[in-house]
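Q: Here the protein sequences come in this chain order: A, B, C and D. Reminder that position 234 of the first sequence reads as 386 in our numbering, one-by-one numbering, no gaps. Reminder that position 124 of the second sequence reads as 276 in our numbering, one-by-one numbering, no gaps. Reminder that position 23 of the third sequence reads as 175 in our numbering, one-by-one numbering, no gaps. Reminder that position 134 of the fourth sequence reads as 286 in our numbering, one-by-one numbering, no gaps.
Take these hints with a grain of salt, some might be off.
Pairs count within a copy or across copies, as identical chains cannot be separated in the list.
To be verified - Here are the simulated DSS-like pairs of lysine-lysine, each with C-alpha atoms no more than 30 Å apart in a straight line: (1) Lys-215 / Lys-271; (2) Lys-165 / Lys-215; (3) Lys-227 / Lys-158; (4) Lys-283 / Lys-174.
Honestly, the hints are just simulated from the structure, not real lab data.
Number of protein chains: 4
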Amino acid sequence: MIVILKHGVQQEKMEGLVNWLKNQGLGVHISEGSFQTVLGLIGDTSAVDMDLIGSLGIVDSVKRVSDPFKCCNRKFHPADTVVQVGDVKIGSGNFCMIAGPCSVESEEQIVEIALAVKKAGAQMLRGGAFKPRTSPYEFQGLKATGLDLLRVARKVSGLPIVTEIMAAKDLPRFEDVDVRQVGPRTTQNFDLPRGRGRLRKPILLKRGLANTLKELLMSAEYIMAGGNEQVILCERGIRTFDDYTRNTLDLAAVPMLRELTHLPIIVDPSHATGLARLVRPMALAGAACGADGLIIEVHNDPMHALCDGAQSLRPEEYASLAEDVRRIREVVAG
Amino acid sequence: MIVILKHGVQQEKMEGLVNWLKNQGLGVHISEGSFQTVLGLIGDTSAVDMDLIGSLGIVDSVKRVSDPFKCCNRKFHPADTVVQVGDVKIGSGNFCMIAGPCSVESEEQIVEIALAVKKAGAQMLRGGAFKPRTSPYEFQGLKATGLDLLRVARKVSGLPIVTEIMAAKDLPRFEDVDVRQVGPRTTQNFDLPRGRGRLRKPILLKRGLANTLKELLMSAEYIMAGGNEQVILCERGIRTFDDYTRNTLDLAAVPMLRELTHLPIIVDPSHATGLARLVRPMALAGAACGADGLIIEVHNDPMHALCDGAQSLRPEEYASLAEDVRRIREVVAG
Amino acid sequence: MIVILKHGVQQEKMEGLVNWLKNQGLGVHISEGSFQTVLGLIGDTSAVDMDLIGSLGIVDSVKRVSDPFKCCNRKFHPADTVVQVGDVKIGSGNFCMIAGPCSVESEEQIVEIALAVKKAGAQMLRGGAFKPRTSPYEFQGLKATGLDLLRVARKVSGLPIVTEIMAAKDLPRFEDVDVRQVGPRTTQNFDLPRGRGRLRKPILLKRGLANTLKELLMSAEYIMAGGNEQVILCERGIRTFDDYTRNTLDLAAVPMLRELTHLPIIVDPSHATGLARLVRPMALAGAACGADGLIIEVHNDPMHALCDGAQSLRPEEYASLAEDVRRIREVVAG
Amino acid sequence: MIVILKHGVQQEKMEGLVNWLKNQGLGVHISEGSFQTVLGLIGDTSAVDMDLIGSLGIVDSVKRVSDPFKCCNRKFHPADTVVQVGDVKIGSGNFCMIAGPCSVESEEQIVEIALAVKKAGAQMLRGGAFKPRTSPYEFQGLKATGLDLLRVARKVSGLPIVTEIMAAKDLPRFEDVDVRQVGPRTTQNFDLPRGRGRLRKPILLKRGLANTLKELLMSAEYIMAGGNEQVILCERGIRTFDDYTRNTLDLAAVPMLRELTHLPIIVDPSHATGLARLVRPMALAGAACGADGLIIEVHNDPMHALCDGAQSLRPEEYASLAEDVRRIREVVAG
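The following block holds chain A by itself, in its conformation from the complex (with noise of 0.2 Å):
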């Protein structure tokens, strides 16, 4: 970490500040230049409040020199993380398609869906079924039932299973979900045991709105720091100025987070849009970026098929875009 003080800082001042890093244990290498004094702190400055440095009066800023993140940054693991759903493998070159409806909301309709997507290529099952709502009147999803009909429709379709945990104290109804998906803020509200054999089940870990990728990582760290290494990154869109879209699709974070962490990392092309016509031009571009894989919301409901509806694509277009991304595969990982 590096300190930059303030030009013409007193010298007890800057003293006084020395002294305090030491006495954190913190070796400090002090820098004169012609206009400004630099201190260079040696240690373990992971637990050094950065904001709170940066907030005195003597100083100008400060920059960290080594990442905050540990587990689940590159440099101190180079070879990517592969994760492993059952037979499915996602990361280092196996890319994974995820498909399935916005919401789980009755028997026939997801394993109606599981069916067809399975059979356009997809390699696992997504479906909400506690639903995070800005509104309290809004639906909030089939909840304990949704998990339920998850579980059919994987055995019908033998697609693992994606789907949102938002509380801790529904851990144990997730038990045997393959995939637990979660917002970036609630892996900070997790008990995350360590060493219990149960919470290693994969986790996909969604940006948030307004996350950078050094947070994004930061959430990923909480999760590995608590033992649990299976975690699949996903770029799902940024809140701006911009009002086309309901979010805008950061891809450049793609190749962006690949140079940061050894984690696999996909795409959500569905929720960042909000448009079904946009979903295809996006899932390729994903793809073309690198991207570890897809999560695509599918349908197969009369009223978005009347009026070519929503975030979702018909099963039949799925299939199409799925023939499509493989191929652009095969340019990129050519």
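Model the placement of chains B, C and D on the given structure of chain A, informed by the hints.
A: Chains B, C and D alone, transformed into the frame defined by chain A:
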């Protein structure tokens, strides 16, 4: 709700949509213009999925005419809500000063600060016990011990206490906390049993970094629909491209929220800016634009004292600020 | 245009607004709902000041039903525009590769790069002569000399040239420039004389850092309303809170603009990311989501070569990328 | 400037970079840490291209230690600048009220408003003659005629006039305009001849929607490096995800700019919010956080009067606001 169809939509697709809407119990008023057709939906549209309709292939855009929030909506409750905490009132002309350290660190610290801010005119004591942190390696707060120390400080100073709760499982520990502070997503994860008196304690609801005002109000709606109408809203900065302060304090949110809701609105200049030297001007600005209170960090730590300190004010700086806030209030309250 | 009035508006205030609107030559259709009254404005509303009406005390919100852009609107010109530059075509299935250095530095440099990118398959040469810089102390480009060197490179390579014009006073110097690049604000400051052939040369219009798609299209509208229909749009990243890349490349803008306008749309992955190692994946993604072309920085500078270089690719990296772009195009154009 | 190299950089690549930097006349101080190597650049780094170095393959990040702005930097000019316009002073405790209509519409209008705002205590008259508009179909202002009407209003009222100039070609027409208002990008397109007295007239420099504070200061630097030190900065809202007000007024920019520069700083609550009913609270907040002045829209238009009007205040509202601003100033100036 108004649904604007695309130019040149096929008659049968439009009829399909109209029938689907009618099947959901809504009246539909169709106005055909020369360029576009507009559907006016009549009835209770609060559960209608605006994103779903907006994403249909034949729909240009959707606009809510009535707000989706009810309990917190000034249209339905024109009179200001006054939240009462012991003898302290917030809202409808009752201005409230809340102060205290970022984290509770020791009995000596929290008691000393409590007495100092009380002397300066603060009416409530804040202090973090359970701390949400970006990094799993950073200090997570003294947790239950921190709560106990807050109780000691409350007893000594007589000030009600305000502190953050992060997870539903901690609710029993917070039963006697005077004001529970929560983030907007957290409100969705809580069990909000109707009719249980102990949950009727006031909530300080902080705006999320990426929350629109409507989203903040929908979070308040979650709490109020659960039976607790004692909600205080808090503007604490949003995430923008701007990089000089930690977040961008959005003070126009104060008069805008005043128009939209009857709930009290306070401002947190300490967390918004992250810089002690900006707390005073932004606190005065918050009072000037009509906030119902200010929550401000105050410390007594020699490290902070040494270097003018972080985002926290020294007790004597706080006392001087509190005096000027009172004078600004006289101008504003007329 | 639809004007949604606030709940409980006084009859006489509403009538005042309706009369004022009628005096502007508009028809007004009034629908009174149980909660709100909605005015539908009939006639040419393109000159109506939406912000003014929206800010009136009795108005809840205003919504355009018809788009304010006409010349560039696909609704009125369904067929794709093809921009032609010498023998090179852009749009409607004609994909165009533009490449060259950030700045023109010397005859040797620009000629060498021109020949290299031509060999790799580029159809146009880019290079900065007049450079917009944040700082007055930074290199502002070779200006008129830079233009002359571009002309030399054009003669030697046969490639048409693309370069930025910043001020109206420089127009005479740019008469024989094949494609003039402009920023969106600049288009408002130009004199756009109608009917003069020399101004009918193609314009490459770059999206501003804070431009919505509608604003970008309104800038195109300025040029087209001035008589020049040869406009190429360019997505080059927007400003967000994200801090790993210079800007956030908003690739969903490509299919979205495709829907809104008939103009060709290209992508600039070099300026958007600012990092050479992200240019390849983002260029492939741009091709995959349906762009009509790519503008990419290529250098031959030993400093860049030494260190893998800046946001520019080496000629051999560009050649390899160009080949893969062709293969992606085959999948997409299917 | 500090250059932080990536972990495990090859010795010869590092030496290549060091030699290249030395060839540019810079001293290089190398500190090798256990994880990373840091280069400290010594000498005049203001012309060094930080983005170029930051994007090199072997570089982790780059940080300026000294600011790239000099003329407007408080470090080098600790005393506040006072800009003088006739008898009116702005800065260093001199508070200035600027008011007038959005657009100049007629002699009657501008004269009536000029006299009304003068009576209410305004010291300068604003009014748009050349208007930047998003749409080519919207009213572009009365242009030269508008300037003439402003001159009439100046003569009648005695108030100096402030109005926007958009293009360098209009400079001759603006010779006798007391304060020329410009956007930040415009400053780069002007010819800024050194040493010509007529250009030494004060400039009101508005922050761009997507400008960081550093970028705003670099725009001021362009003007000052051209020989004109009479610059007034203006905060007028930034573009964020927030959608209730037109822009997000970033009031913390006021005390932050105060620290960074000696130039006066004013606030424009009218354009920032776009809503007349927010102008009063945000103007008071601007005064409370230490601005040197306020620029506010005032109208006398019956349409506005009818409906409480747009982003403009009525003269009597402005008079009441001006009185409260004076009282807030007494508290702040203490």
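Q: So, for every hint listed, does it hold in this structure?
A: Comparing the hints with the structure gives:
1. Taking the shortest alpha-carbon separations for Lys-215 and Lys-271, neither the intra-copy value of 51 Å nor the inter-copy value of 38 Å comes in at or below 30 Å.
2. Taking the closest pair of Cα atoms, Lys-165 and Lys-215 come within 30 Å of each other both inside a single copy (20 Å) and across two copies (23 Å).
3. Proximity of Lys-227 to Lys-158 under the C-alpha cut-off of 30 Å is restricted to the inter-copy arrangement: shortest distance 10 Å between copies versus 32 Å within a copy.
4. For the homomeric pair Lys-283 and Lys-174, the shortest alpha-carbon distance between copies (25 Å) is at most 30 Å, but the shortest distance inside one copy (48 Å) is not.
Hint check: a violation occurs at hint 1 only; the rest are consistent with the structure.
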